[in-house]
Every structure is written in C-alpha cells, then in structure tokens.
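Sequence order for the protein chains is D and E. Under the numbering used here, the residue at position 72 of the first sequence is numbered 72, and the numbers go up by one with no gaps. Under the numbering used here, the residue at position 454 of the second sequence is numbered 761, and the numbers go up by one with no gaps.
No lab work stands behind these hints: they were computed from the structure. Check each hint, because a few of them may be wrong.
[As the list claims (entries may be wrong)] Computed beta-carbon distance windows for the label pairs: (1) Phe-291/D with Thr-698/E: 46 to 52 Å; (2) Trp-590/E with Leu-102/D: 54 to 60 Å; (3) Ile-137/D with Asp-593/E: 27 to 33 Å; (4) Tyr-63/D with Leu-795/E: 51 to 57 Å; (5) Tyr-63/D with Ser-585/E: 21 to 27 Å; (6) Arg-7/D with Thr-703/E: 58 to 64 Å; (7) Asp-593/E with Gln-72/D: 47 to 53 Å; (8) Leu-16/D with Gln-715/E: 43 to 49 Å; (9) Leu-16/D with Ile-835/E: 54 to 60 Å; (10) Ala-636/E with Ser-125/D: 56 to 62 Å; (11) Leu-795/E with Val-264/D: 30 to 36 Å; (12) Ala-64/D with Thr-703/E: 52 to 58 Å; (13) Leu-727/E with Leu-288/D: 40 to 46 Å; (14) Lys-483/E with Val-284/D: 53 to 59 Å.
[To be verified] Cross-link-like lysine to any residue pairs, in silico, SDA-like; alpha carbons within 25 Å at most: (15) Lys-719/E with Ala-812/E; (16) Lys-50/D with Trp-515/E; (17) Lys-69/D with Glu-460/E; (18) Lys-483/E with Pro-42/D; (19) Lys-47/D with Tyr-448/E; (20) Lys-50/D with Lys-469/E; (21) Lys-830/E with Ala-549/E; (22) Lys-47/D with Lys-796/E; (23) Lys-352/E with Ile-831/E; (24) Lys-465/E with Ala-52/D; (25) Lys-708/E with Phe-144/D; (26) Lys-265/D with Arg-513/E; (27) Lys-517/E with Phe-144/D; (28) Lys-473/E with Gly-512/E; (29) Lys-47/D with Gly-732/E; (30) Lys-50/D with Met-27/D; (31) Lys-57/D with Glu-460/E; (32) Lys-265/D with Gly-750/E; (33) Lys-57/D with Thr-463/E; (34) Lys-47/D with Thr-372/E; (35) Lys-47/D with Lys-830/E; (36) Lys-265/D with Gly-360/E; (37) Lys-510/E with Leu-470/E; (38) Lys-708/E with Gly-32/D; (39) Lys-708/E with Lys-69/D; (40) Lys-50/D with Gly-770/E.
Since the model is a prediction, treat every value here as computed from it, not as a measurement. Beta carbons: idealized from backbone N, C-alpha and C, even for Gly.
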Amino acid sequence: MLSYAIRRLLIAIPTLFVVITVAFFMMRIAPGGPFDQERALPPEIEKNIKAAYDLDKPLIEQYAIYVGKLFQGDFGPSIKIRDFSVAELIMAGAPASMQLGLTAIAIALVFGVALGTYAAIRQNSAIDFVVMGVAMIGIAIPNFVMAPLLSLVFGLYLSILPTAGWGDGELQYKILPIIALALPQIAYIARLTRGSMVEVMNSNYIRTARAKGLRETLVVNRHAIRGALLPVVSYLGPATAAVMTGSVVIESIFGVPGIGTYFVKAALNRDYPLVMGVVIVFAVMIILLNFLVDMIYGLLDPKLKSR
Amino acid sequence: MSDNAMTAKGLVNGLLKSSRAFVLGTALIAGSMTMLSTSQAQAEKILRIGNDGEPQSMDPHFISTIQTSRISDDMSLGLLTYGPDGQPVPGAAESWTVSEDGMTYTFKIRDHNWSDGTPVTAQDFIAGWERLLDPALGAEYASLLYIIEGAEEVNTGKDGAKLAAKAIDVHTLEVKLTAPAPYFLAQLTHQTAFAIPRHVVEKYGRDWVKPENIVVNGAYKLVEWVPNVHTKLVKNDEFYDAENVKIDEVIYYTYEDRTAMQNRFRADELDVARDIASEQISWLRDNLSDSLRIAPYAGIYYYAIRTDKEKFQDPNVRKALSLAINREAITDAVLKTGELPAYSFVPPGTGNYTEPAYVSWKDLSYGEKVAEAKKLMEAAGYTAENPLKFTLRYNTSENHKRIAIAVQNMWKQIGVDAELFNTEGKIHYADLKVGDFEVARAGWIADYNDAQNFLFLGEERTGPLNYAAFDNPRYNELMLAAENEGDLKKRAELMHSAEAIMMEAQPYIPIYYYVSKQLVSPKITGWIDNAPDRHLTRWLDIAK
Numbered sequence: 001m002l003s004y005a006i007r008r009l010l011i012a013i014p015t016l017f018v019v020i021t022v023a024f025f026m027m028r029i030a031p032g033g034p035f036d037q038e039r040a041l042p043p044e045i046e047k048n049i050k051a052a053y054d055l056d057k058p059l060i061e062q063y064a065i066y067v068g069k070l071f072q073g074d075f076g077p078s079i080k081i082r083d084f085s086v087a088e089l090i091m092a093g094a095p096a097s098m099q100l101g102l103t104a105i106a107i108a109l110v111f112g113v114a115l116g117t118y119a120a121i122r123q124n125s126a127i128d129f130v131v132m133g134v135a136m137i138g139i140a141i142p143n144f145v146m147a148p149l150l151s152l153v154f155g156l157y158l159s160i161l162p163t164a165g166w167g168d169g170e171l172q173y174k175i176l177p178i179i180a181l182a183l184p185q186i187a188y189i190a191r192l193t194r195g196s197m198v199e200v201m202n203s204n205y206i207r208t209a210r211a212k213g214l215r216e217t218l219v220v221n222r223h224a225i226r227g228a229l230l231p232v233v234s235y236l237g238p239a240t241a242a243v244m245t246g247s248v249v250i251e252s253i254f255g256v257p258g259i260g261t262y263f264v265k266a267a268l269n270r271d272y273p274l275v276m277g278v279v280i281v282f283a284v285m286i287i288l289l290n291f292l293v294d295m296i297y298g299l300l301d302p303k304l305k306s307r
Numbered sequence: 308m309s310d311n312a313m314t315a316k317g318l319v320n321g322l323l324k325s326s327r328a329f330v331l332g333t334a335l336i337a338g339s340m341t342m343l344s345t346s347q348a349q350a351e352k353i354l355r356i357g358n359d360g361e362p363q364s365m366d367p368h369f370i371s372t373i374q375t376s377r378i379s380d381d382m383s384l385g386l387l388t389y390g391p392d393g394q395p396v397p398g399a400a401e402s403w404t405v406s407e408d409g410m411t412y413t414f415k416i417r418d419h420n421w422s423d424g425t426p427v428t429a430q431d432f433i434a435g436w437e438r439l440l441d442p443a444l445g446a447e448y449a450s451l452l453y454i455i456e457g458a459e460e461v462n463t464g465k466d467g468a469k470l471a472a473k474a475i476d477v478h479t480l481e482v483k484l485t486a487p488a489p490y491f492l493a494q495l496t497h498q499t500a501f502a503i504p505r506h507v508v509e510k511y512g513r514d515w516v517k518p519e520n521i522v523v524n525g526a527y528k529l530v531e532w533v534p535n536v537h538t539k540l541v542k543n544d545e546f547y548d549a550e551n552v553k554i555d556e557v558i559y560y561t562y563e564d565r566t567a568m569q570n571r572f573r574a575d576e577l578d579v580a581r582d583i584a585s586e587q588i589s590w591l592r593d594n595l596s597d598s599l600r601i602a603p604y605a606g607i608y609y610y611a612i613r614t615d616k617e618k619f620q621d622p623n624v625r626k627a628l629s630l631a632i633n634r635e636a637i638t639d640a641v642l643k644t645g646e647l648p649a650y651s652f653v654p655p656g657t658g659n660y661t662e663p664a665y666v667s668w669k670d671l672s673y674g675e676k677v678a679e680a681k682k683l684m685e686a687a688g689y690t691a692e693n694p695l696k697f698t699l700r701y702n703t704s705e706n707h708k709r710i711a712i713a714v715q716n717m718w719k720q721i722g723v724d725a726e727l728f729n730t731e732g733k734i735h736y737a738d739l740k741v742g743d744f745e746v747a748r749a750g751w752i753a754d755y756n757d758a759q760n761f762l763f764l765g766e767e768r769t770g771p772l773n774y775a776a777f778d779n780p781r782y783n784e785l786m787l788a789a790e791n792e793g794d795l796k797k798r799a800e801l802m803h804s805a806e807a808i809m810m811e812a813q814p815y816i817p818i819y820y821y822v823s824k825q826l827v828s829p830k831i832t833g834w835i836d837n838a839p840d841r842h843l844t845r846w847l848d849i850a851k
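Just need the whole structure built from these sequences, with the hints factored in.
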C-alpha cells in the first residue's frame, strides 16, 4: 500500500508538468491577446506593454521564463488585475471557494447517500419515484437558474437571507451559495447511490448475509453500503476538486470572493498568468483528490486491500 | 421489508433532526447579523454602489475601464475634476491662464495636501505624467497625454526626449502643447493626468497602491479591496473640501451579473446599481420608475465597413447599406432601453462642437430610404437574384446578435445577403485591428468631451483604430486644420465639414447613440444625470 502510494505521487509530478506545458501553449494558440479590446491600443503603446510582460519574446523563451519562475514559486503578475500577483489572487480567493465547496460536498454526500439508499431499499415504491424524480430535476436544472431563484425567493421575497454578497464572511452570506452548490451534487450522488445499491442488494454476498440470518439493518449498514459507495467515492474525487475550485456562476451571482470566476474571466481576458495559475491549482486538486480516492477505495474494497 | 424501512427511516430522521438544528441556528445568526448591520448604518453614512466590473488597479496609470475610473475619481483630484453635472470644474488647480496661441497653459495649484499630510506640489503632477509616459511602465492609456509637447517622444523611447512641463514654483505648473487643443482642460479630469505622491511611489514602487500604503489627494481613500467582491473607501479628512463631503464611506461592489446586482438593489442592499438587466426594462419602468435613470451617454454604436475591400469601394453601396437600416426599429423594438437612433457619428451635445453633421437623408421616411437604397444597389449591379454577399461580424453579446439579425433582414430587401459571424471580444477586436473583416460591429465612448475624440477615428493617421481604413484626403486635411485652429468656433466648423464628408461616404454606419442606464435610490441626493456619466461621491448625500 505504501509503495503504491509513493509510486502514485511520483507519477503526479510529470503529469502536472504535462498539464502546465499543454495549458501554456494552448492558451497562446487561442486567437486574440490580452490587449485586443474595443479601443485598440496604439502600436507603440502595445509594444511597451508587451515588453513589460515579456510577451514580445519568442514563445519558447516565454515558456522557459515561466517555468523557471514557477520553480521559484512565482506565478507571475495578473495582466488584468494589475495590483495583485496571481499568487495573491489565488490565496485571496481559494479559502472562500474551498470552504463553500467542501461544505457543499459534505452536505451532498450525507443527503445524497441517505436519499439514494432509502430509495434503493424501497425500490420501485412511490417514495423511490419521488426521490429519483426530484433528483432528476435537481440534475436537470442548471445552477444559473437555481441560484437566481434561491436569491430571489430567500433574499427578496422572504427576506430571511441576503440576496447576495459576502459581508465579512458571516454564515448568513454562505448559506445560499452552499445550497446552490450542493443541490445538483445531492441529486447526482443520490442517483449514483441508488443505482449501485440496487445492484449490491441483489448480489450474492448480500444473499449470503441474509441467509446467515443477519438483521436487515446490519446487512445494509455493514455490508451493502460499503460496496454501494464505491462508485460514489470515485465520483467524489473529480467532483470535489471541481466544487472546491469554485463555480463561476455561483460566485458571480452571489458575489463570492472565490477563484471560480477566474477560470472563465481570465480565459476571456487572455490573462495568461492567471489562467495558468488556476489551471495549476485545479490540476493539483484533481491529482490529490484522485489519489485520496484511490486510497479510500483500497480501504473499502477488500479485493484491492492486498495491493 | 419492514426492517429495511426502519433503517431508512432512522437515517432520514437523524438527518432531519440535525438539519433542523442547522436551519434554526442559521436563522438566529442571520437575524442577529441583520440587526447589527442596521445599527451600524445609522451611525455613519455609507453609500453602497453596485459596479458592473472588477476594478483593474488603484494606480491611475493602469486604469482603462470606466468601472475602475469611477473608484479612482473618488480618490484622486486632477488639475480639473468632474463637477456634480459631469462638467469639468477646478480641482487641484484653483485657476489657470492660457497663452494667446492657445498652446501654453499655466496652472496655479491649490494649497492642499496628500492624505498623509504632505503638501501636493506642481512637481507631483509632472512626476505623474513622466511616470505614465515611461515606456518601461507599459501604461495602456499613455497616448492620451500625447497632446503635451514631447510626450509621444518620451513614450516611444526617443533619445533626448523631454516633456514640456515645468514647475515654475511649488504651486505653479507650466505646460506646452503640440497644438491649441481646447479639449486639453477636459482631458485633465482623466486619470491619466493625475498627480502621484512621489514620496510614496519612490518608497513602495508598484505596491504604493496597496491599502496599507496608498496616499491620495481626493475625497476618499482606499481601505480595502477584496478581489471579485468589493472595494471600500473612507472619507479622507485631509481633503481640501472635506467639510462639504457628506458621505463617510463608499463601497463599490463588483457585479458583472446585472440581474444579481438588480436583485441586491431591490433588496435595499445597494443604493446605486451602475447598470441594469436590460431585458427587464418594462418591469423596471413599471415598478422602479423612481429609481430608474436613463440618460444620453457620450458614445456611438456603429458598423464599420472595410472600405479598402473591392466590393465596398463604391460609396453608393455603403450609403445603400446605411439607408436600409431602420434605426428606429432597432432602438424602439429591439433594444427598448431609451437609446437614440443615430444619423451622425458625433453624438449631439458633444463638447466644443456645433450640431452634428447628420446624413443628408436623415428625414426621409423609412419607405423612401429603402426605395433610394434599392435604386443605388441596382445601379451598382446588385438585385435580389444577384445579391451582394459579405460577412457581418459581431462580438459575443445578446444585443449585438439581435441587432445583427434585424439588420441582416433589413438588408435582404435591397439585395444583400449578409452572413452573420460571431466571435468573442478578444478575437473580434484582434481581427478588426488588422482589417480582417468586411462589415463589423464596433462602438466608441468618448475619453473626453470633444468632437475630435470621435472624428479622429476616420483619420488616415489614426492607424489600426480607423477600422474602416477610411482614407479621404479632404477629411484628413480638415481634421489637421482643426487641430491647429485656436479659435473654437472655426475649429468646430472645420470638424463639422469633416463629419459631413464622413456621413456622405459612410465608412462607418452610425446606428444608435448610447445611453447610461442605472438604478439610483430616491434617497440619494445630488445625483444629476449627465452625458459623461460621472457621479463623484463627494457631490452626493443620503437623505434620512
């Protein structure tokens, strides 16, 4: 297990390097640059600015400079938000995104698994159909519809929560964004759990457990859930990484100081260093969480324990 | 099966119990927080503004968006500044004189201080300009100061170049221009012309604008900037006119989502929203008419025709394309937000100008216009069977798309088959700049209130910004003559003649004049709608 873990971590380093390289060049292949805008810059000014950001150098040299600085922990300056470095922007935004994301995923896990299990053991009952129907709606409604609705209903009509904003990070500002983030995840996890639970409940080892005369509660809690959670766990890796790095929709609607916005805005603005910064953060999260998932998998799945 | 149900019920019950406690706890906290914030609001006057874009920088030299200059205008005092009605009024300069040839300005700097108590001097302004023009700084807007003698040479790194600005004494500043430019005074309200606190910039370098370091000479100073959320400014007690500044704190909340910003305004979490969700205009007119402010704004929405392409070299074809556009239908049926149909390139009411030079056919009925357009197209050899084919480009935006579709249909009736082509903004403007288009959507908002700031777009020497590649010798001549004309009236006439040529040739098809659209709470006093759309917080107040 330990050598496997070490091997996995070592593979992560070249993976990350490939991601950085591909992202760097893909971003530059995209037509248009950071200074192409409604009011074009006079050529001499554009020349000055490009020189200030090393953008006038050959691409391969820019890449070398970038990677070199990266090794020293320097992510470079943001081209569009000039008072901050990329590292500063990410450090300022990451805590909020991660906090909301982690809470949302934890809530989603608890509710999703509970609802999915409940639906599975009452398979084809009215409750099953209701839960799965609602889950389907939860998946189908995009968050750019759900988020403004939540804000409108709880913020404006009922006036029990702020419509948006962050204040000084008080809980009241976080509730709606967390719900909006968690809802589709609850729906998705519930469906996943139900599906695999139904399968597990019909498998041989559950029949054996029942035949042994175990009580149904024990069968479900000790044996079935463990097996049924495997697909949920593998889904959680990338899902957690995605939710924790923020959502552009949720952040712009609720005014959350996260980093999710940068994925879209930085790319549209061709803010090259900022794009690279968030890509690296996302890649690291994916790698770490997938690693974690594999470790948990090992614990849950007896077949993998021996590796 | 009953056992199964029991288990599930247990699970769900447990969850419900804990979530009930969670909701209850949240409600309690939420309640107490609301009470807390209300009691704070009574203590001091806080203005909450929804700003429709993230600021770029607090450093005046790195600012090029209107959303950022709103904040910077509250913090810095230019030699001139925007008055309550958006017109230039004395700021850091209490008075000035202009030489007879209109090329030398001498400013008397007001006796006032930076927010750390250090006096503001003439040298601080020169230092600001020199920094802006330093090629190594890479300031986007440096060219705005090219009207000062030596500025362009300094910014382009010419050897021995020197800016023709000198401090005669601590409070006297003399500037020489390259031409008698009547818009120079208006230009001094712009952030590019602000002074910098030399002592602070030298000490902290680029970090001088961090909240803990920044020193300003305007009415407010920066205390906090949370990226993507807000920038918070508090009243600067060192400001020379601090006794007349009523609002203690102003917070600019960043909101790119117009609907979200509007909802916050409706929930009384914002006092001003600097843009509206245009698609909800009828609802706003019905329900928030006391807050809705729509006013003419110094900008033009137009289609550029690439005149150096063979099919567009015939001015009659361009004229026909322009004639066939039903501008009233676009403003009244497509946009519906109070924009005005445009028949000139310079919006009416622009400074240092006469009434704009409208197209000669402005007052024809739409039917007559179409008939005339058809005639011109037929003369050029284009009919419904043999249409003129080209691509109409626009950058991503719901409104650009709707207008393009409408125009495409209007053109169909005169024998034009226009294909629509949409790209995101960066690609759009990159292609426009190098002339890689046939007809394309563009817009221009004045940097300073002067007709020249629109008409220069048609000058050959303007380069890439002259998207249409319009090159009319007479037009170029008239604009050059206007630049060197010291007499305001004569200058306006020269520019008017130039615009008349442009409107006859139609390299640019004007479509509508912009309007500013915002929500301003009725309890805000001192807000005067104006074409530059400048509303400095120092002129505002909040009624009880």
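Here is how each hint holds up against the structure:
Separated by about 49 Å at the C-beta atoms, Phe-291/D and Thr-698/E satisfy the suggested range of 46 to 52 Å. Range check, Trp-590/E to Leu-102/D: about 38 Å between beta-carbon atoms, so the 54 to 60 Å window is missed. In this structure the hint that Ile-137/D and Asp-593/E lie 27 to 33 Å apart at CB holds, the actual value being about 32 Å. Here the CB-CB span from Tyr-63/D to Leu-795/E is close to 54 Å, well matched to the stated 51 to 57 Å.
A beta carbon spacing of about 42 Å between Tyr-63/D and Ser-585/E contradicts the range 21 to 27 Å that was offered as a hint. For the pair Arg-7/D and Thr-703/E, the supplied restraint of 58 to 64 Å is violated, since their beta-carbon distance comes to about 45 Å. Here the CB-CB span from Asp-593/E to Gln-72/D is close to 59 Å, at odds with the stated 47 to 53 Å. Distance hint check for Leu-16/D and Gln-715/E: the Cβ-Cβ separation is about 48 Å, which falls inside the suggested range of 43 to 49 Å.
Leu-16/D and Ile-835/E have their C-beta atoms about 56 Å apart, which keeps the hinted 54 to 60 Å range intact. Our hint of 56 to 62 Å for Ala-636/E and Ser-125/D holds, since their Cβ atoms are close to 58 Å apart. Take Leu-795/E and Val-264/D: their Cβ atoms lie about 47 Å apart, and the range 30 to 36 Å is violated. Between Ala-64/D and Thr-703/E the beta carbon distance is about 34 Å. The supplied range of 52 to 58 Å is therefore violated.
About 45 Å separates the C-beta atoms of Leu-727/E and Leu-288/D, a value consistent with the hinted range of 40 to 46 Å. The hinted range of 53 to 59 Å is satisfied by Lys-483/E and Val-284/D, whose Cβ atoms lie roughly 56 Å apart. Pair hint Lys-719/E plus Ala-812/E holds up; C-alpha atoms about 22 Å apart against a cutoff of 25 Å. For the suggested pair Lys-50/D and Trp-515/E, the alpha carbons sit about 23 Å apart, so the restraint of at most 25 Å is met.
This hinted pair does not check out: Lys-69/D and Glu-460/E have alpha carbons roughly 34 Å apart, beyond 25 Å. Among the hinted pairs, Lys-483/E with Pro-42/D is consistent with the structure: their alpha-carbon atoms are about 23 Å apart, no more than 25 Å. A hinted pair counts as satisfied when its Cα atoms are at most 25 Å apart, and Lys-47/D with Tyr-448/E qualifies at roughly 13 Å. Taking the CA atoms of Lys-50/D and Lys-469/E, the gap is about 23 Å. The hint holds against a cut of 25 Å.
Distance check on the hinted pair: Lys-830/E and Ala-549/E sit about 22 Å apart at the alpha-carbon level, within 25 Å; holds. Taking the CA atoms of Lys-47/D and Lys-796/E, the gap is near 38 Å; set against the 25 Å cutoff, the hint is violated. Proximity of Lys-352/E to Ile-831/E is assessed by CA-CA distance (about 11 Å); at most 25 Å being required, the pair is judged to hold. A threshold of 25 Å between alpha carbons decides the hint, and for Lys-465/E with Ala-52/D the separation of about 18 Å falls inside it, so the pair holds.
With a CA separation close to 21 Å, the supplied pair Lys-708/E and Phe-144/D stays within the 25 Å bound. Using a Cα cut-off of 25 Å, the hinted pair Lys-265/D and Arg-513/E holds, with the two alpha carbons roughly 24 Å apart. At most 25 Å may separate the alpha-carbon atoms for a hinted pair to count; Lys-517/E and Phe-144/D exceed this at roughly 34 Å. This hinted pair checks out: Lys-473/E and Gly-512/E have alpha carbons roughly 24 Å apart, not beyond 25 Å.
For the suggested pair Lys-47/D and Gly-732/E, the alpha carbons sit about 21 Å apart, so the restraint of at most 25 Å is met. Distance hint between Lys-50/D and Met-27/D is fulfilled; the C-alpha atoms sit about 16 Å from each other, no more than 25 Å. A hinted pair counts as satisfied when its Cα atoms are at most 25 Å apart, and Lys-57/D with Glu-460/E qualifies at roughly 24 Å. This hinted pair checks out: Lys-265/D and Gly-750/E have alpha carbons roughly 21 Å apart, not beyond 25 Å.
The straight-line distance between the Cα atoms of Lys-57/D and Thr-463/E is roughly 19 Å, inside the 25 Å bound, and the hint therefore holds. Simply put, Lys-47/D and Thr-372/E have alpha-carbon atoms about 20 Å apart, close enough for the 25 Å limit, and the pair holds. Only pairs whose Cα atoms come within 25 Å are accepted, and Lys-47/D paired with Lys-830/E is rejected, the gap being roughly 48 Å. Our distance criterion of 25 Å between C-alpha atoms is met by Lys-265/D and Gly-360/E, whose separation comes to about 11 Å.
The straight-line distance between the Cα atoms of Lys-510/E and Leu-470/E is roughly 24 Å, inside the 25 Å bound, and the hint therefore holds. Taking the CA atoms of Lys-708/E and Gly-32/D, the gap is near 20 Å; set against the 25 Å cutoff, the hint holds. Our distance criterion of 25 Å between C-alpha atoms is broken by Lys-708/E and Lys-69/D, whose separation comes to about 42 Å. Among the hinted pairs, Lys-50/D with Gly-770/E is consistent with the structure: their alpha-carbon atoms are about 19 Å apart, no more than 25 Å.
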